[in-house]
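Chemist: Listed below, chain by chain, are the residues.
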Amino acid sequence: MSTPPFATELADNTPAKAPGPLKGSAAALLVPQARLSGPIPWVIAIMIALVVIAAAGGLALNNLTGNARAELSGAVTIQITEANETLRKQKAATAAEVLTAQDIVASLRVVPEEELDEMLRPWLGDGAGNQDLPIPALIDVQLSSASGPQEIARLQAALDADVPGARVDAQSEWLQPVYSALSSLQYLALALIALLTFACAAAVWLAARSAFSNHKETVEIMHLLGGTDAQITRIFQRSVVRDAAFGGLVGLGLGAGAVWLLGRQFAALDSGMVAGGVLGMSDWIIIALIPLAGVALALITGRYTILIALRRML
Amino acid sequence: MNERAGDTVNFDNVGLRYGTEPEVLSDLSFTLFPGSFYFLTGASGAGKTSLLKLLYLAQRPSRGGIRMFGKDMITLPREQLPTYRRRLGVVFQDFRLVKHLTAFDNVALPLRLASVPESELQKPVDDMLDWVGLSHRVKARPATMSGGEQQRVAIARAVIGRPDMLIADEPTGNVDPEMALKLLRLFEALNRLGTTVVVATHDVHLLKKVPESLIMRLNKGRLTDPTGALKFPPRSTGPMGGGQ
Ligand SMILES: Nc1ncnc2c1ncn2[C@@H]1O[C@H](COP(=O)(O)OP(=O)(O)OP(=O)(O)O)[C@@H](O)[C@H]1O
Ligand SMILES: [Mg+2]
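Going down the list, the sequences are from chains E and F. The opening residue of the first sequence carries number 1 in the working numbering; numbering runs sequentially from there. The opening residue of the second sequence carries number 1 in the working numbering; numbering runs sequentially from there.
Possibly wrong hints are sitting among the right ones.
What the hints assert, rightly or not - In silico DSS-like links for lysine-lysine, alpha-carbon gap of 30 Å or less: (1) Lys71(F) x Lys208(F); (2) Lys99(F) x Lys139(F); (3) Lys99(F) x Lys216(E); (4) Lys71(F) x Lys216(E); (5) Lys139(F) x Lys216(E).
The hints are simulated quantities; they were obtained by calculation from the structure and are not laboratory data. Nothing here was measured: the structure is a model prediction, and the numbers come from that model.
Generate coordinates for the entire structure from the input sequences, incorporating the hints supplied.
Modeler: In C-alpha cells, the structure reads:
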C-alpha cells in the first residue's frame with residue numbers, strides 16, 4: 001500500500017513562533033462579504049459628512065475671529081464730542097497732532113465728516129448732514145502694538161490736557177460680545193464632532209459584532225484548527241476597514257461639497273467680516289484627514305470588539 | 001524530530017459537567033502513549049464526544065488535571081492554546097467544514113493557518129483529496145456534497161498536516177465498509193509515521209481491523225479498560241513510544 005500524501009509535518013514548520021496573518025485571498029474566502037455589508041458604510045458616510053461640515057464651520061469661525069482680532073487689536077477710535085463745528089474741527093486737528101507725537105501710534109486718519117454723514121445716513125436719513133444734530137468727530141488710530149488698557153490710558157491722558165471731551169475706545173472692546181459668541185459656536189462645533197465620533201464608534205461596534213456573530217461558526221472552526229486571535233481579528237478588521245474607507249470617502253465628498261457650496265453663498269455676501277472666515281489650505285488638509293481618522297477609529301473599535309468577543313471563547 | 005518527551009496525554013481524575021447537569025464524565029484517569037493507536041468505544045451518549053472535546057482542547061474539564069505533550073493544559077493561558085491545537089488533527093463528529101469554502105480550501109485551512117506558503121500547499125491538498133477519492137469534487141462546497149464526501153473532506157483536513165495526535169469522532173459513520181477500511185489504512189499510515197491516533201466509534205467491526213490497537217470503553221461517563229493497556233505502556237510500540 002502506498003503512503004498517503006501527507007503534507008510536511010506542521011509541528012516541524014511551526015515551533016513556538018506564532019503564525020503570520022492569512023494571505024489576502026485566503027482571508028477574504030473565510031469571511032465572504034457582500035460588496036458592502038449593510039447600512040453601516042452609509043451610516044459612517046453620513047457621520048463623516050457631518051463631522052466635515054462641523055469641522056469646516058469650526059475652522060472658518062476660528063479664522064474669522066483670528067483675522068478680526070489681528071486687524072482690530074491695534075485699532076483705537078478717538079471720539080470728540082463738540083457741538084460747535086469749527087471748534088470740533090479744531091479740536092480734531094489738535095488731537096491728531098497730540099496723537100502723532102505719541103510713539104505708540106503707527107498711523108491715524110481723521111474720518112472726514114462726509115464719510116460719517118454717509119455712514120449714518122441709513123439711520124438718520126437726510127438729517128445726517130443737519131447741523132442741529134451734532135455728530136462727534138472720529139479719528140481712526142492704528143497702534144504699533146495691541147491696544148491694551150495701558151495704551152488706552154496713555155492716549156487718554158495725553159489727550160485730556162489739550163483736547164477736553166475726547167474719548168479713546170479700543171475697537172476690540174466693543175466687539176468682545178461678538179468674539180465670545182463666536183467662540184461659543186466653536187465649542188459647539190467641537191462638541192458636535194465629539195458626539196459624532198462616539199456615534200461612529202458605536203456604529204462600527206455594532207457592525208463588527210454582527211459580522212462576528214454571522215461568522216461565529218467559521219471563527220469556532222478556525223479556533224479549533226489552531227487559528228490565533230490575531231489571525232481571526234485581522235480578517236474582520238479587513239472588512240471593517242473597507243466599510244469605513246468607503247464611508248469616509250463618500251462622507252468627505254458629501255461634506256466637502258456642502259462646505260464649498262456654503263462658502264460660495266457666504267462669499268456672495270461680499271462682507272469683509274465673512275471674507276475673514278475663508279478656509280485656507282491647512283484647513284482643507286485637516287478636513288481631508290477626517291476620513292483617515294474615521295478609518296483609524298473604525299480599525300481600533302472593530303479590533304477591540306472582535307478581540308473582546310474572542311476572549312469569551314476558549 | 002519533535003519533542004515527544006513524556007506521554008502524549010495524561011488525565012488525572014478528570015470530571016466534566018455541562019452547566020449544572022450531573023457529570024457526563026467522571027473519574028477519568030489514563031495515559032495515552034506516543035505513537036499508539038486507540039479506539040474509544042461506548043454506547044451512544046456514553047460521553048465519547050465529550051472526552052474527545054477535552055482532548056482537542058475545545059472544552060476545559062470541571063475538575064481534575066490534564067497534561068498534553070508534557071504541558072499542564074488546565075493552567076495553560078488561553079493565548080497558548082493555538083500552539084497546541086496546531087499539533088492536533090481532528091475529525092469532528094459533525095465534520096465542521098466551513099460552509100462557504102470549497103473542499104480544497106477546507107483541506108488547505110490548517111496549512112494556511114500555520115502560514116504554509118500557497119505554492120507549497122497546492123500539491124499536497126490536491127493529492128490528499130485524490131487519495132480520499134474526491135479529486136472530482138475539489139471545487140465543491142459542503143452543501144453540495146454527500147455525507148460520506150463531507151466526512152472524507154473532514155478526514156483529509158485532519159491528516160494533511162501530519163499532526164502529533166489524530167482525534168477522530170465516528171470517522172467512518174457515513175461511508176461504505178470498503179471506504180471505511182481505506183480510511184482506517186490512512187490512519188494507520190499516519191500512526192506509523194509517529195502520530196498518536198484516537199478513534200471514537202461504536203462500530204465493533206472496526207476494532208478488529210487494527211490488531212495492535214488499544215481499546216478504551218466508556219460506560220455512562222466512566223472508563224473501563226478491557227485490555228489493561230491504559231495502565232502500562234503498550235508492548236508493541238516501536239522506538240517512538242518505547243523505553244518509558
Ligand atoms: N453541549 C452539551 N450540553 C449539555 N449536555 C451535553 C452537551 N454535549 C453532550 N451532552 C450530554 O452529554 C452526554 C454525553 O454526550 P456525548 O456527545 O459525549 O456522547 P457520545 O458518546 O459521543 O454519543 P454518540 O455516540 O451518540 O455520539 C449526553 O447525555 C449528552 O446529552
Ligand atoms: Mg459523539
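Chemist: Hints first: check each against the structure and report whether it holds.
Modeler: Do the hints match the structure? See the list:
Taking the CA atoms of lysine 71(F) and lysine 208(F), the gap is about 33 Å. The hint is violated against a cut of 30 Å. A distance of roughly 13 Å separates the Cα atoms of lysine 99(F) and lysine 139(F); the hinted pair therefore holds under the 30 Å criterion. For the hint pairing lysine 99(F) with lysine 216(E), the CA-to-CA distance comes to about 12 Å; that is within 30 Å, so the pair holds. For the suggested pair lysine 71(F) and lysine 216(E), the alpha carbons sit about 29 Å apart, so the restraint of at most 30 Å is met.
For the hint pairing lysine 139(F) with lysine 216(E), the CA-to-CA distance comes to about 23 Å; that is within 30 Å, so the pair holds.
Going through the hint list in order, the structure does not satisfy hint 1, though it satisfies all others.
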